[in-house]
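*Asks:* Here this note's numbering runs 45 ahead of the position in the sequence shown, where the first position is 1.
The hints are simulated quantities; they were obtained by calculation from the structure and are not laboratory data.
Just so we're clear, the structure is a prediction, and the values are computed from it rather than from any experiment.
It is possible that some hints are incorrect.
With beta-carbon atoms standing in for the labels, derived distance ranges [what the hints assert, rightly or not]:
id: 1; residue 1: R52; residue 2: T142; range: 34 to 44 Å
id: 2; residue 1: G102; residue 2: H127; range: 28 to 38 Å
id: 3; residue 1: K129; residue 2: E187; range: 50 to 60 Å
id: 4; residue 1: L174; residue 2: A110; range: 18 to 28 Å
id: 5; residue 1: D181; residue 2: A88; range: 49 to 59 Å
id: 6; residue 1: E187; residue 2: N128; range: 44 to 54 Å
id: 7; residue 1: F149; residue 2: R52; range: 27 to 37 Å
id: 8; residue 1: S134; residue 2: V82; range: 45 to 55 Å
Glycine included, each C-beta is placed from N, C-alpha and C at the ideal position.
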Amino acid sequence: MQHGAGRPVDALDLRILAELSARPDEPVSQLAAALGVPASTCAFRVRSLRTRGVITGLSLTIDPAALGASVQAMIRVRLANHNKGGVDSLFDALVATPGVLQVFHIAGADDFVVHVAVSDAASLRDIVLERITVHDVVRATETQLVFERREGVGVLPAASARL
46 MQHGAGRPVD
56 ALDLRILAEL
66 SARPDEPVSQ
76 LAAALGVPAS
86 TCAFRVRSLR
96 TRGVITGLSL
106 TIDPAALGAS
116 VQAMIRVRLA
126 NHNKGGVDSL
136 FDALVATPGV
146 LQVFHIAGAD
156 DFVVHVAVSD
166 AASLRDIVLE
176 RITVHDVVRA
186 TETQLVFERR
196 EGVGVLPAAS
206 ARL
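Build out the structure end to end from the sequences listed, making use of the hints.
*Replies:* What follows is the structure in structure tokens.
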């Protein structure tokens, strides 16, 4: 595997990534012990993975329902025209909208997919009517409620998780 212009991701990198994915807050010394490598090697490799852009950050996952946003939906957005300024302006506005979890600019019949979490149907309606369709580039929207969401296995090879 190769990332950017840096050196390829090797077997030890994959083992480190798998271990970090399972326990992202584990100290490097414990990570190294679990992998059977010296702590200095592990620390160097983690720094290298960050520098090379393989690890892009740490994130905190919050359950939106615990904060009163128990209704999740995917809003598909179709544009009337695709001028760069209008697309960029809409994209910027979408990611700055309270309740928006993720925004995907996509190819195909739809141009954006917006994942939102809100407290109720009225709040969902307000995002569509007051935050999305007010943009001149928007032609149509379609909203789909999310009944359940699960995380996928990700991009690490299955074998690396067992090493």
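*Asks:* Now look at each hint and say whether the structure bears it out.
*Replies:* Right, here's what the structure says about each hint:
1. The hinted range of 34 to 44 Å is satisfied by R52 and T142, whose Cβ atoms lie roughly 39 Å apart.
2. Taking 28 to 38 Å as the suggested C-beta distance range, the pair G102 and H127 conforms, at roughly 30 Å.
3. Range check, K129 to E187: Cβ separation about 24 Å, and the 50 to 60 Å hint is violated.
4. As the Cβ distance of L174 to A110 is approximately 24 Å, the hint placing it in 18 to 28 Å holds.
5. For the pair D181 and A88, the beta carbons lie near 51 Å from each other, so the given range of 49 to 59 Å is met.
6. For E187 paired with N128, a C-beta distance near 22 Å fails the hint of 44 to 54 Å.
7. A hinted range of 27 to 37 Å for the beta carbons of F149 and R52 is consistent with their spacing of about 30 Å.
8. Take S134 and V82: their Cβ atoms lie about 48 Å apart, and the range 45 to 55 Å holds.
Hints 3, 6, counting from the list given before, are not met by this structure.
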